[in-house]
Amino acid sequence: MNNDLPVTMNLFSLIKDIDAVKWETHSTLDRKNARIFDIFHDDSGQRISLVHCAPGASAKSHLHKGHETFLILDGSFEDENGVYLPGDLVCYAPGSQHAWRTPQGALIYATWGDRVESGLTDTAA
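Numbering (UniProt numbering), first residue to last: 1 to 125.
If you're looking for bench data, these hints aren't it; they were derived computationally from the structure.
Since the structure is predicted, the reported quantities are computational estimates derived from the model, not experimental observations.
Treat the hints loosely; a few may be bogus.
[To be verified] Label-pair distances were calculated between CB atoms; the ranges are:
| hint | residue 1 | residue 2 | range |
| --- | --- | --- | --- |
| 1 | Asp42 | Ala93 | 34 to 40 angstroms |
| 2 | Pro94 | Ala20 | 29 to 35 angstroms |
| 3 | Pro94 | Thr28 | 18 to 24 angstroms |
[Stated by the list, open to error] Here are the simulated BS3-like cross-link-like pairs (lysine-lysine), alpha carbons at most 30 angstroms apart as the crow flies:
| hint | residue 1 | residue 2 |
| --- | --- | --- |
| 4 | Lys60 | Lys22 |
| 5 | Lys22 | Lys65 |
| 6 | Lys32 | Lys22 |
| 7 | Lys32 | Lys60 |
| 8 | Lys16 | Lys65 |
Note that the Cβ used here is the ideal one computed from N, Cα and C, for glycine as well.
Produce the complete structure using the sequences and hints provided.
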């Protein structure tokens, strides 16, 4: 990535052509059926990404050392705190923990302020 130029993409176009970016498997911390495209990622754990979840994708409980913020672009996403639909912006504070699943699949814009670790307890959504 050229640090002098901004990363630019049209997320509405991406919804129509989901394979327009180079996805990587997103399977750490027991994530299932998810792919990730990093827009920004550094050694401190800060990360800005797109996450594409296939129908039935899920993740076991995990702990966020920093904030997590995500915007649902397409599909639906749920955890023990609710069901989130396109246009929903969700912000979790540092130290929060949750599991998630996507029965119908989802496309998500996500940011993290620090590393993510295995959860302290298993609270499957």
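Verification of the hints:
1. Asp42 <-> Ala93: 34 to 40 angstroms: violated (21 angstroms)
2. Pro94 <-> Ala20: 29 to 35 angstroms: holds (33 angstroms)
3. Pro94 <-> Thr28: 18 to 24 angstroms: holds (19 angstroms)
4. Lys60 <-> Lys22: holds (25 angstroms)
5. Lys22 <-> Lys65: At roughly 27 angstroms apart (the allowed maximum being 30 angstroms), Lys65 and Lys22 satisfy the hint.
6. Lys32 <-> Lys22: holds (18 angstroms)
7. Lys32 <-> Lys60: holds (9 angstroms)
8. Lys16 <-> Lys65: Roughly 33 angstroms between the alpha carbons, so the hint for Lys16 and Lys65 is violated.
Hint check: violations occur at hints 1 and 8; the rest are consistent with the structure.
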